[in-house]
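Undergrad: Sequence:
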Amino acid sequence: MLSNKQAEEAIVPGEMKGTNEQEHGEEEAGVDQSMSGFKNFLWHGGSAYDAWFSCASNQVAQVLLTLPYSFSQLGMLSGVILQVFYGLLGSWTAYLISVLYVEYRTRKEKENVSFKNHVIQWFEVLDGLLGPHWKAVGLAFNCTFLLFGSVIQLIACASNIYYINDHLDKRTWTYIFGACCATTVFIPSFHNYRIWSFLGLGMTTYTAWYLTIAALVHGKVDGVVHSGPTKLVLYFTGATNILYTFGGHAVTVEIMHAMWKPRKFKYIYLFATLYVFTLTLPSAAAMYWAFGDQLLNHSNAFSLLPRTRFRDAAVILMLIHQFITFGFACTPLYFVWEKVVGMHDTKSICLRALARLPVVIPIWFLAIIFPFFGPINSAVGALLVSFTVYIIPALAHMLTYRKASARQNAAEKPPFFLPSWTAMYIVNIFIVGPSGRPEDAQLGLNWFNQRIRL
Numbered sequence: 001m002l003s004n005k006q007a008e009e010a011i012v013p014g015e016m017k018g019t020n021e022q023e024h025g026e027e028e029a030g031v032d033q034s035m036s037g038f039k040n041f042l043w044h045g046g047s048a049y050d051a052w053f054s055c056a057s058n059q060v061a062q063v064l065l066t067l068p069y070s071f072s073q074l075g076m077l078s079g080v081i082l083q084v085f086y087g088l089l090g091s092w093t094a095y096l097i098s099v100l101y102v103e104y105r106t107r108k109e110k111e112n113v114s115f116k117n118h119v120i121q122w123f124e125v126l127d128g129l130l131g132p133h134w135k136a137v138g139l140a141f142n143c144t145f146l147l148f149g150s151v152i153q154l155i156a157c158a159s160n161i162y163y164i165n166d167h168l169d170k171r172t173w174t175y176i177f178g179a180c181c182a183t184t185v186f187i188p189s190f191h192n193y194r195i196w197s198f199l200g201l202g203m204t205t206y207t208a209w210y211l212t213i214a215a216l217v218h219g220k221v222d223g224v225v226h227s228g229p230t231k232l233v234l235y236f237t238g239a240t241n242i243l244y245t246f247g248g249h250a251v252t253v254e255i256m257h258a259m260w261k262p263r264k265f266k267y268i269y270l271f272a273t274l275y276v277f278t279l280t281l282p283s284a285a286a287m288y289w290a291f292g293d294q295l296l297n298h299s300n301a302f303s304l305l306p307r308t309r310f311r312d313a314a315v316i317l318m319l320i321h322q323f324i325t326f327g328f329a330c331t332p333l334y335f336v337w338e339k340v341v342g343m344h345d346t347k348s349i350c351l352r353a354l355a356r357l358p359v360v361i362p363i364w365f366l367a368i369i370f371p372f373f374g375p376i377n378s379a380v381g382a383l384l385v386s387f388t389v390y391i392i393p394a395l396a397h398m399l400t401y402r403k404a405s406a407r408q409n410a411a412e413k414p415p416f417f418l419p420s421w422t423a424m425y426i427v428n429i430f431i432v433g434p435s436g437r438p439e440d441a442q443l444g445l446n447w448f449n450q451r452i453r454l
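So in UniProt numbering, spot 189 of the sequence shown is number 189, and the numbers just go up one at a time.
What the hints contain is simulated information worked out from the structure, not anything from laboratory work. Computed from a prediction, not measured in an experiment: that's the story for all the values here. One should not assume that every hint holds.
As the list claims (entries may be wrong) - Listed below are the simulated DSS-like cross-link pairs for lysine-lysine, each with C-alpha atoms no more than 27 Å apart in a straight line:
| hint | residue 1 | residue 2 |
| --- | --- | --- |
| 1 | Lys264 | Lys110 |
| 2 | Lys266 | Lys413 |
| 3 | Lys261 | Lys116 |
| 4 | Lys220 | Lys108 |
| 5 | Lys135 | Lys116 |
| 6 | Lys116 | Lys403 |
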């Protein structure tokens, strides 16, 4: 995929006349190739490392600043346990999504379907494997999740900049950052996020360790209290925010499709999650240790730390990272809209950017109307992430491989650490069962017992 593109971009147009002109042309070709190589290094990212940077950068954004608040709602022990639990569970369902993508693409390529100038998306995978009803479900949940995820990033930009410049109100800052984030329409796909993913992860790494070190240096405030969970509603509110932390699955298929070898994605999300643990656990734990129950009234960790040049740097870096995360959340929406209006296979970046603008405008409008991201975070976590991240992938995997013939001809066999279809079904039922009603879990077990006999 990349080699063809590099060849096209490195090609020297036209035939040269005469020896001098040919030599001059060869010199120009060398310059063009070196410039093309530099451009490809920054612009074209399809390796496993690029996918890892994209996943890790996309997972941890504004939630890095709200996780200490969640720890104050949950208590230290529950906060750590739930982060690890949701992170590992999210890695499993990301693995399931990657398996279904490979299955869908393998089947389509056997039918000689070409995906040139076409980005495969999650709802198309569901449509190809399970039919139009699943396509509608995947499209509805993913688009709604990404829409509100984009809104949250815009609101968070205005909230964070207020800590270093309060001369303008937050709504005015939302106007400004909305215009800045609208420039993401010029980034064609996740294949072109190489430098942004790298920078984004570096920025969140700095911010996470700034929070950790600043909290430890500050020490415990006088009379600090760590009361832990006092109300059930607070406990579940904190849990949904952690749930949202590891909910980057809405862009998993697009990141996979941007890879040169998508089959290598299987464990990338897990490795990204393990790195994210090194950022979220120390920072949230240190902040809660230092400030305790004060965090219950401060959902943004920056608000409790004294203003220094290090905090200002963290704020600025988070602002840039939120621009990148906005692009991550919006790009799948851009693809959906391009397909609706028939512009998805257009090669002109400017025409595609113009076609994408109607996606940005309603997001900008919603961010201006609802200038608070805490309640939206919790609502998205409770209503959308549980389905988008856990229930739909697990159910889709069970239904795709419900027949013995499908399991026998599967493009991807069960993983080495769980080398049994029965074990995979048990794990998936565990995910789906607690997420819904008890009677749904029982129905799932009955269905599973019937299918295993086939």
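Undergrad: Now, for every hint given, state plainly whether the structure supports it.
TA: Hint-by-hint comparison with the structure:
A distance of roughly 20 Å separates the Cα atoms of lysine 264 and lysine 110; the hinted pair therefore holds under the 27 Å criterion. In summary, the hint linking lysine 266 to lysine 413 is supported, as the alpha carbons are separated by about 12 Å, within the 27 Å threshold. Restraint check: the Cα-Cα separation between lysine 261 and lysine 116 comes to about 15 Å, which is no more than 27 Å; the hinted pair holds. The hinted pair formed by lysine 220 and lysine 108 fails the criterion: a straight-line CA distance of about 59 Å is larger than 27 Å.
Proposed proximity of lysine 135 and lysine 116 is supported: the alpha carbons are some 21 Å apart, at most 27 Å. For the given pair, lysine 116 sits about 31 Å from lysine 403 by alpha-carbon distance, which is inconsistent with the 27 Å threshold.
Hint compliance for this structure: hints 4 and 6 are broken, all remaining hints hold.
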